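A.B. asks: Next come the chains, spelled out residue by residue.
2 protein chains.
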Amino acid sequence: MGNIQLARSNTKIAVIGYGSWATALVTLIVNNNYSVFWWIKNKEDLESIQEKKKNPRYLKDIEIPFQSLTLSCNLNEVIQKSKVVIFAIPSPFLHQSIQSIQKNDLINKIVVSAIKGFETNTKLLISEYFDYQFDVKSENFATISGPTHAEEVAKLKTTFFTIAAENTHIANRISTILQREHIYTYISEDVAGVEYAGILKNIYAIAAGIAVGLELNDNFQAVLLTACIRELEITLDKLAPGIRNINHSAYIGDLLVTAISPYSRNRKLGYLLGKGKTAEEAFIEMEMIAEGYYASSIFSQKYGQDYPIASMVYEILYKNANPSIEINHLIAKLQT
Amino acid sequence: MGNIQLARSNTKIAVIGYGSWATALVTLIVNNNYSVFWWIKNKEDLESIQEKKKNPRYLKDIEIPFQSLTLSCNLNEVIQKSKVVIFAIPSPFLHQSIQSIQKNDLINKIVVSAIKGFETNTKLLISEYFDYQFDVKSENFATISGPTHAEEVAKLKTTFFTIAAENTHIANRISTILQREHIYTYISEDVAGVEYAGILKNIYAIAAGIAVGLELNDNFQAVLLTACIRELEITLDKLAPGIRNINHSAYIGDLLVTAISPYSRNRKLGYLLGKGKTAEEAFIEMEMIAEGYYASSIFSQKYGQDYPIASMVYEILYKNANPSIEINHLIAKLQT
Chain W
238 MGNIQLARSN TKIAVIGYGS WATALVTLIV NNNYSVFWWI KNKEDLESIQ EKKKNPRYLK
298 DIEIPFQSLT LSCNLNEVIQ KSKVVIFAIP SPFLHQSIQS IQKNDLINKI VVSAIKGFET
358 NTKLLISEYF DYQFDVKSEN FATISGPTHA EEVAKLKTTF FTIAAENTHI ANRISTILQR
418 EHIYTYISED VAGVEYAGIL KNIYAIAAGI AVGLELNDNF QAVLLTACIR ELEITLDKLA
478 PGIRNINHSA YIGDLLVTAI SPYSRNRKLG YLLGKGKTAE EAFIEMEMIA EGYYASSIFS
538 QKYGQDYPIA SMVYEILYKN ANPSIEINHL IAKLQT
Chain E
238 MGNIQLARSN TKIAVIGYGS WATALVTLIV NNNYSVFWWI KNKEDLESIQ EKKKNPRYLK
298 DIEIPFQSLT LSCNLNEVIQ KSKVVIFAIP SPFLHQSIQS IQKNDLINKI VVSAIKGFET
358 NTKLLISEYF DYQFDVKSEN FATISGPTHA EEVAKLKTTF FTIAAENTHI ANRISTILQR
418 EHIYTYISED VAGVEYAGIL KNIYAIAAGI AVGLELNDNF QAVLLTACIR ELEITLDKLA
478 PGIRNINHSA YIGDLLVTAI SPYSRNRKLG YLLGKGKTAE EAFIEMEMIA EGYYASSIFS
538 QKYGQDYPIA SMVYEILYKN ANPSIEINHL IAKLQT
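Chains as they are written, first to last, in our numbering: chain W, 238 to 573; chain E, 238 to 573.
Derived from the structure by calculation, the hints contain no laboratory data. Possibly wrong hints are sitting among the right ones.
It does not matter which identical chain is meant; a pair holds if it fits inside one copy or across any two.
Stated by the list, open to error - Straight-line C-alpha distance at most 27 Å; calculated DSS-like pairs for lysine-lysine: (1) Lys-340 x Lys-570; (2) Lys-280 x Lys-346; (3) Lys-539 x Lys-297; (4) Lys-512 x Lys-394; (5) Lys-475 x Lys-394.
Fair warning: this is a prediction, and the values are worked out from it, not measured in the lab.
Input sequences plus hints: build the corresponding full structure.
C.D. replies: Spelled out as structure tokens, the structure:
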């Protein structure tokens with residue numbers, strides 16, 4: 238642990254990813270006066286950002302600061318030059334995107350996950366995946382959780398990051414990199430709990446959307462959301478035993494804003510399922526994919542049917558179960 | 238306790254109040270084949286409902302069933318003829334509306350509160366008020382809580398009532414009166430806890446609205462809502478000690494839908510405060526009053542400044558405190 242030293246002016250940071258969340262993190266961290274190496278896979282995208290100082294595809298109106306920013310298509314070079322490597326790639330694309338990284342490349346790096354979801358290839362938590370695939374030990378790993386909607390972070394709207402790491406020294410150092418006016422941090426040691434909460438909230442947002450699609454509104458949403466909270470608590474106690482208060486932003490807070498926000502992709506997916514579409518039809522209509530779709534499959538395959546709400550979502554997504562019948566089964570369970 | 242008998246076909250029920258909530262309850266209970274006596278203060282309103290079979294002011298599109306319904310302007314007669322008396326009047330108007338009731342009038346009646354808030358004249362919980370004012374003992378009292386938005390109940394959208402009573406026999410009987418397809422009930426013995434939760438959620442909805450008015454959006458809402466949940470739990474433990482799981486619809490569930498719904502009057506009031514209006518200006522703009530306005534004053538006068546979020550709302554509503562400065566104080570507290 239002791240051999241990893243971070244100093245504000247010297248610490249070089251890699252951001253791996255090109256989407257809105259990566260763009261927001263780059264903007265924040267460069268503005269905090271750190272040297273950032275930003276890996277952008279596609280050369281045309283890179284040149285476009287270099288030229289326009291904006292990401293033409295995500296957070297299009299955000300000015301990207303260049304005073305200490307280097308763009309590169311060379312993943313290995315970006316990692317080699319950096320001490321802290323932040324991965325901000327949607328979980329289904331993580332594995333294929335970073336195939337060129339070798340085991341030794343991440344030795345003595347601080348690896349930070351800004352990813353919510355299981356790694357879809359290995360079906361592991363992101364922390365487990367980096368350990369399994371690259372020997373990144375828990376003392377060198379941190380996860381950033383939220384809710385931290387990219388656009389709000391980029392616009393410096395009041396945000397509390399939760400930074401979870403077994404190594405508190407590292408959590409504090411990541412905290413220093415991210416903090417500024419209106420951007421605050423909570424420190425946690427509950428890496429797996431925070432990761433599972435970030436996965437489950439997408440599944441529960443699909444459930445909330447299904448109910449809305451079936452025209453079950455506020456009165457039932459209150460019942461369903463509190464049932465989700467209880468299931469979340471039971472699941473975390475089982476899968477990541479330990480003492481935690483889930484009444485914090487990375488647990489219940491993230492669940493609530495995801496499940497209730499009409500902008501949530503997962504809720505929208507659920508809504509369309511509730512309206513009678515299949516998952517495939519919903520994705521065509523949405524023109525995008527929701528992470529809860531993958532999370533649901535992996536979660537139910539790994540942990541079975543003991544979790545009524547997660548199971549319901551899985552059956553509707555993957556087994557063509559009828560949403561109305563499934564919700565009625567759930568309502569029957571909620572009466573006891 | 239034993240002398241109060243309820244049988245489905247014979248039980249006569251009074252509903253006291255004329256607003257949307259009273260209208261929904263009357264519709265539900267008449268459709269459940271009970272004889273209902275509905276007290277409507279104003280003779281013209283009564284005649285209008287009698288003629289049109291709809292309430293011209295609230296839930297205007299709901300057909301009111303008349304097969305076992307009697308309307309009356311005579312409060313004492315309505316109560317005299319009934320065994321169960323359901324009060325569904327906004328808390329600020331309760332005391333003045335029922336001045337003609339004498340102490341003896343409610344002896345041997347089952348009194349049901351469908352009211353959220355303190356009685357504003359005595360500053361008591363509704364259960365305490367009926368005891369103080371009319372000698373209604375806890376064994377004859379029940380409170381109905383929710384969330385139970387009137388329009389959803391009237392349209393038989395899936396709803397779980399929470400019926401809290403120290404006397405479980407009475408809770409079960411009220412449950413029988415209200416249940417039907419899509420309308421379910423939870424039984425609770427936590428009368429005071431449910432009443433306080435129904436009061437506090439309106440105060441916290443104002444807080445959530447203030448934040449939105451200050452353009453603090455999803456990322457901060459997650460932090461604020463979880464802080465409200467923690468404050469709710471602490472407050473209930475202090476003011477109504479006992480064992481409860483607040484992860485149920487009458488506690489956290491009701492708080493969430495009230496704090497997040499853009500249709501919530503309390504949230505709207507907070508929003509306008511956040512935008513720099515005074516409470517008086519907000520009420521003029523809204524053309525109505527929010528119950529959290531009264532609740533905040535009574536709560537803070539009775540219980541002091543130990544509850545940071547409730548105190549913040551009180552200072553902004555009644556002491557002209559600056560919302561932006563107050564929220565920043567709260568954010569500072571939330572960092573620890």
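A.B. asks: Could you run down the list of hints and mark each one as holding or not?
C.D. replies: Quick rundown of the hints versus the structure:
1. Lys-340 x Lys-570: Neither, since 47 Å and 43 Å both go past 27 Å.
2. Lys-280 x Lys-346: within (26 Å within a copy, 79 Å between copies)
3. Lys-539 x Lys-297: neither (38 Å within a copy, 51 Å between copies)
4. Lys-512 x Lys-394: between (34 Å within a copy, 16 Å between copies)
5. Lys-475 x Lys-394: Neither: 35 Å inside a chain and 34 Å across chains, both beyond 27 Å.
Checked against the numbered hints listed earlier, the structure breaks hints 1, 3 and 5; every other hint is satisfied.
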